[in-house]
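So the chains spell out like this:
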Amino acid sequence: DAGITQSPRYKITETGRQVTLMCHQTWSHSYMFWYRQDLGHGLRLIYYSAAADITDKGEVPDGYVVSRSKTENFPLTLESATRSQTSVYFCASSDPGGGPSTQPQHFGDGTRLSIL
Amino acid sequence: QKEVEQNSGPLSVPEGAIASLNCTYSDRGSQSFFWYRQYSGKSPELIMSIYSNGDKEDGRFTAQLNKASQYVSLLIRDSQPSDSATYLCAVNSGGSNYKLTFGKGTLLTVNP
Chain A
2 DAGITQSPRY
12 KITETGRQVT
22 LMCHQTWSHS
32 YMFWYRQDLG
42 HGLRLIYYSA
52 AADITDKGEV
62 PDGYVVSRSK
72 TENFPLTLES
82 ATRSQTSVYF
92 CASSDPGGGP
102 STQPQHFGDG
112 TRLSIL
Chain B
144 QKEVEQNSGP
154 LSVPEGAIAS
164 LNCTYSDRGS
174 QSFFWYRQYS
184 GKSPELIMSI
194 YSNGDKEDGR
204 FTAQLNKASQ
214 YVSLLIRDSQ
224 PSDSATYLCA
234 VNSGGSNYKL
244 TFGKGTLLTV
254 NP
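Protein sequences, first through last, are from chains A and B.
According to the numbering used here, the residues represented by the first sequence are 2 to 117, in order.
According to the numbering used here, the residues represented by the second sequence are 144 to 255, in order.
In isolation and in its complexed conformation, chain B is listed as follows (with noise of 0.2 Å):
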C-alpha cells in the first residue's frame, strides 16, 4: 500500500509569517508531486505541482522536492488570513503516470 504521510496539524501561525507544511511518501517510484488547498466545504484546488528536485517558486508558494529523501515540502510566505485552508499532498502512485494518491491534510490556520 503506497502511502502519503502529511502531520495532521492544526498548524497555526501568525499573519504574516512563514508556514511550512511537509509531505512524506513511501513509493520510490513516484516522479509528481501535488499541493492542493481544500477551503472548507469546498473542493481541491491545485496550488503547485512540481516534479523535479529543488525547489518551485509560484508567488508566495514555494515548493520544495527532496526525491533521496521522499519529501515534498509546501511554503507558504506572508501568511494571509485567506490562507487558512486544508492543504493536501498527492503523489503519483502504482507505477501509474495518472493515478494519484492523497495524504489526509493537514489544516492550517493563519490569525490575524
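Bound conformation, chain A alone (with noise of 0.2 Å):
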C-alpha cells in the first residue's frame, strides 16, 4: 500500500535550473494538488487537478507548471529556479466522493527543495 509518494525527498539547486518534483499516487484519486509549506505562511496552494489533462492554478502559481497525463500522476516543475521558491512541497490527493461534502485530503512526504 504505497499510497501518495514524492520524489526527490530532498534536493538542492541553484537559481536558474529547471527542477521537477514528482508525485505519484496509487489510490486513483481524481484530485491532485500542490502545496508549499514556509514559516508564517502555513500550507499554500501551488496548482490543482481535478483529473487527467485539467489543470487549475491555486494560490502562489507564479513560476510554477504542472502536467497531468495520467492520474496517479502530477509532476510540478519550477522552469527557472529562484530562492524565493526554496520550501518544502508537499504533494497531496483525494477521492471526489458522492455528495456535496469535501472529502479530505492525503498527503505525501514532502520534498524539501534548496535553491542556492
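I should point out that these hints are in silico values taken from the structure, not numbers from a laboratory.
By construction, the Cβ of each residue, glycine as well, lies at the ideal position given by its N, Cα and C atoms.
Hints may be right or wrong, so weigh each one.
[Stated by the list, open to error] DEER-style ranges, computed between Cβ atoms:
1) G159(B) x E80(A): 45 to 53 Å
2) S225(B) x G4(A): 17 to 25 Å
3) G17(A) x D198(B): 46 to 54 Å
4) G172(B) x D63(A): 25 to 33 Å
[Claimed, not checked] Chain A regions said to be covered by chain B (calculated; three or more residues, Cβ under 8 Å):
5) 38-47
6) 88-97
7) 107-116
[To be verified] Here are the simulated DSSO-like pairs of lysine-lysine, each with C-alpha atoms no more than 30 Å apart in a straight line:
8) K210(B) x K145(B)
9) K12(A) x K247(B)
10) K58(A) x K145(B)
11) K12(A) x K185(B)
Take the two lone chains and join them into the complex the hints point to.
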C-alpha cells in the first residue's frame, strides 16, 4: 500500500535551473494538489488538478508548471528556480466522494527543496 | 480571500490535561472541516473530519463545529507527550467541494 509518494525527498539546486518534483498516487484519486509550506505562511496551494488533463492555478502559481497526463502522476516543474522557491513541497490527493461534502486530502512525505 | 485563523501558540499543557485548539473561518458557505496533525519535519496527517454542527468524538479527540459562529475546535483529552505537534485546521473553500484552505497551525507542547 504505497499511497502517495513524492520524489526526490531532498533536492539542492541553483538559481535558474529547471527542477521537477514528482508525485505518484496509487489510490486512483481524481483530485491532486501541490502545496508549499513556509514558516509564517502555512500551507499554500500552488496548483491542483481535478482529473487527467485538467489543471488549475491555486494561490501561488507563478514560476511553476504542472501537467497531468495520467491520473496517478502529477509532476510540478520549476522552470527557472529562484531562491524564493526554497520551501517544503507537499503533494496531496483526494477522492471526489459521492456528495457535496469535501473528502479529506492525504499528503505525501514532502520534498525539501533548497535553491542556492 | 477566504481565511482560516488559528492561534499560533505555542500552547503548552501538562500530560493528562485537556488541550483545546481553536479555529475560525470566514467563508459562510464552508461545509467540510478537518484537523490535521503535523509532527516536525513530517507531512500533515488527517486526524478528524467534521461536517455537521455539534461534537464528533474519536478516541481521545473531539471535534466541535458551530457553523453559526464559524468556529471549529479540537479537544484532546488525556494529552500525551506524543501529541506534541502542530495542528492544522482546514476548511473547504471558494465554493469548491474539493479545495481546502489551511490555517497556519497551532503548535502544541505536552509536558511530561
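Right, here's what the structure says about each hint:
no. : hint                         : verdict
1   : G159(B) x E80(A): 45 to 53 Å : 52 Å, holds
2   : S225(B) x G4(A): 17 to 25 Å  : 22 Å, holds
3   : G17(A) x D198(B): 46 to 54 Å : 53 Å, holds
4   : G172(B) x D63(A): 25 to 33 Å : 27 Å, holds
5   : 38-47                        : holds (count 5)
6   : 88-97                        : holds (count 3)
7   : 107-116                      : holds (count 5)
8   : K210(B) x K145(B)            : 15 Å, holds
9   : K12(A) x K247(B)             : 25 Å, holds
10  : K58(A) x K145(B)             : 16 Å, holds
11  : K12(A) x K185(B)             : 16 Å, holds
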